[in-house]
Amino acid sequence: MTADPADTSRRAGWGGWRGTPALALMLVLGLLVGAAGGWLAPRLALPGENSAEAGFARDMDNHHAQAIEMALIAFRETRDAEVRSHAVDMAMAQLTEVGTMQTWLRQWGLSPTSTDAPMSWLPAAERHLTGDGQMPGMASRQELARLRAAQGRDLDVLFLQLMIRHHLGGIHMIDGVLARTSNAEVRKAAGTMRTVQDAEVGNLTRVLTRLGGAPLPAS
Amino acid sequence: MSISSTGDGQRDPSVVRTGGAKAGAGRPGGKAGAGRPGGGRSGRGPKKPIKPVKIGSDRNWGPIALFSAVGLLAAGIVGFGVFAAVRDKAPEAADIKGLSNYRESQPKLVQSGDHRIGPIKYDIIPPVAGPHNARWQNCVGEVFDAPISNEHVVHSLEHGAVWITYRPNLPRDQVDQLAGKVRNRDRMILSPYPNLDAPISLQAWGYQLKVDSAGDGRINDFIKAFRKTAAVENVPCSEGVTTTGTVPVDLPAGAPAG
Chain A
1 MTADPADTSR RAGWGGWRGT PALALMLVLG LLVGAAGGWL APRLALPGEN
51 SAEAGFARDM DNHHAQAIEM ALIAFRETRD AEVRSHAVDM AMAQLTEVGT
101 MQTWLRQWGL SPTSTDAPMS WLPAAERHLT GDGQMPGMAS RQELARLRAA
151 QGRDLDVLFL QLMIRHHLGG IHMIDGVLAR TSNAEVRKAA GTMRTVQDAE
201 VGNLTRVLTR LGGAPLPAS
Chain B
1001 MSISSTGDGQ RDPSVVRTGG AKAGAGRPGG KAGAGRPGGG RSGRGPKKPI
1051 KPVKIGSDRN WGPIALFSAV GLLAAGIVGF GVFAAVRDKA PEAADIKGLS
1101 NYRESQPKLV QSGDHRIGPI KYDIIPPVAG PHNARWQNCV GEVFDAPISN
1151 EHVVHSLEHG AVWITYRPNL PRDQVDQLAG KVRNRDRMIL SPYPNLDAPI
1201 SLQAWGYQLK VDSAGDGRIN DFIKAFRKTA AVENVPCSEG VTTTGTVPVD
1251 LPAGAPAG
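From first to last, the protein sequence lines are chains A and B. So in the numbering used here, spot 207 of the first sequence is number 207, and the numbers just go up one at a time. Convert by adding 1000 to the 1-based position in the second sequence; the result is the number in the numbering used here.
Isolated chain B, as found in the complex (with noise of 0.2 angstroms):
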């Protein structure tokens, strides 16, 4: 380095820095662009990459080089970007397959919020929404092994839980496969339901999925999509309701607290 610089170093630093010098000095022979040691040299670093054009003289290949190598990579960071975004994406309502959407289809129905007391009688069965008891089922991944009340499930789901119903002579072991989904998860909910017209019906404020088995993938797609997003009241599910039984428990209107 030391001794190409001492030859033109003093007026262009920048030649020892980029070792050019070396390179031309290295192949004189080799092209007729080379033979330009004396001026070239001097002051023109920069100018060295585009010595190629002048051997292709009908067409100009930089720029072209230039606009395809931005161009593609331009493309590749874009179509990389949406590969990630669609990759992370979590289900969706709409990408469930036999949904029920009462959110779209009774608007109505999922505004509702009024604690009222005493038992209430619910069109859509198991309820996915509407008035409910001012006390909700407790639903910090609890597992029912009795049916629960539906005025309190309901507060709950309003929470964002979800709730598994399942028919009682659903199999053990397809049982035990939706416990392990609801067992200390929060927002969850699992307890049976007698004379469900399903093997299985789960419920989220607004939706409804009716499978047959504990297998069916779209459960996790479910659970996935709705299980605290669907929470219209963000609240948590602890200070509930920890007992079976399908008929509602009041609060003593008035009494002092236990």
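In isolation and in its complexed conformation, chain A is listed as follows (with noise of 0.2 angstroms):
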């Protein structure tokens, strides 16, 4: 093994008085190298600022400010104790995944918030707009002060109403981003938002029947 001449040239080159220096210099690029990609490789895995993930989380808060408006309109001002229930319920719940959602953002570095169109994560962000241009299930300026205006009877219905449409609207959002995003914080948070969504579609349109109320037409 050691005869061979392969060899000898081997430690000429490798071992001498200046192998020693280049062997040192190497190991401090492998070692720049390795920093560097264990630094940046969790940073390119990261949603950016014009990935799907960002734009549901930035749509989504405020989607959700919307609900936690109309809940706290008719948390305020209800006589029936299963509305009160369930509008709080509702504020307290959407309030914690608004924050979620922010922290989200910031861990990513990006803004949290944006100037871009409604719903511009989604390819062809036109055909999921209610027809005044905003997100889907959202409530107008005229329902939001009618519900303002509203009481008793007619403040439970309106408000069931439009907070049904609202929680389909979601729905459709989070399916928008559970088809794209691998991300596992987003898929599980998502998925959970729709679980209790759901849930609470036909828990407030059972309450919407007692009321002698029937569901809006899709937006």
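Bear in mind the hints are in silico, worked out from the structure with no lab data behind them. Please note: incorrect hints may appear among the correct ones.
As a list, the in silico EDC-like pairs of lysine to aspartate or glutamate whose alpha-carbon atoms are at most 16 angstroms apart [claimed, not checked]: (1) Lys1097(B) <-> Asp1212(B); (2) Lys1089(B) <-> Glu49(A); (3) Lys188(A) <-> Asp175(A); (4) Lys1181(B) <-> Asp116(A); (5) Lys1108(B) <-> Asp1123(B); (6) Lys1210(B) <-> Asp1197(B); (7) Lys1181(B) <-> Asp132(A); (8) Lys1097(B) <-> Asp1216(B); (9) Lys1181(B) <-> Glu1233(B).
Put the two chains together into one complex, using the hints given.
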């Protein structure tokens, strides 16, 4: 083995006095590459500025903000114990989810908000918008004004109608991100959101039926 | 594979796996260096790539090539990392030309979150921070068609809202353009502001930017930079004042809630 001529030339090139600093330099470079790779890899794996995940988080924050708005109006004004219970449940749950999504955006190093058009994180965004260009399920300015002015059974029925439609729109958005993300945390949170909103559509519809109301046509 | 492994496979199975023995056998007359079929092949698989060193006898190309490759790779990774970091960067205060940064120039002003009853005199118009009414102006993407009370909306700024104000004579299409940036977007408010010294003025807690038209690109930069991030009190915008009027509506002290 030591008699191999290739072995001799190897020793002359790599083991001589010139070879030691060269080896050290290569070791340092290797460490640098490793460190750079380690620093970079998790960043490249994070959702970016124009990702579906970031678009979903930002849009869903605004979508949730309107649900919280409507739920707090109902919580303050209703005289129906069941409606009040649902209202506080939804306001608190959605506020918590907003906190989760804002934390994602911060951890991904992205702005917590965007000035992009609603739903632009989905292809053919306009197909997902309401007639007045809003996210699916959103109540119009006039509907919100009517909710603020309503009282008694009218308030309860309108709140339930608006919230059922709002949840159905939310589920549409959740399905949009679930079809596009492999981010484990987004999948888990969006999946939970979907389960909760789906169950609430059923529960709110039962209360609406008790009050003699009917769901709104899909927006 | 099985044919070549019969010769030396028992001693060194790795030769079979790499296919090195086959390659060596395939070019027997090619180079002088290949002419060591006996001992060389018997257990020295990893040494084969070094053979070219013998040809270029004056220069040691192996390490040079390796250094270059590793160096290029390192530079590439670092360069791409820097690019990725810069590409995704949201605008900051320093990026917005013409911004009045009161967080820097009046640090005392932006500290105060005192609640006061009745009208409050503000030195900066429209106001950007300071004492305010206990009730905030609702700021879940509200578009107001008439002036609102400074005392309420300063409280909204504290919650992280961006408040866009415009001269009442701003052309309708520009008002609509601004409304499109506000409606149904949490932590946004739009309202006309009489006697404004610029066609449009944007406020966040401690920041102000005056622009001439709704098409100015700095409007979006301002919103992206400060909406929610300028919050000094992380509270939602619901349950605020939803009516217009410049006189603050105080909470009746000690009265029972509605």
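| task | Just pull the numbers of the violated hints for me, sorted ascending. | result | Result: hint 9 breaks, nothing else.
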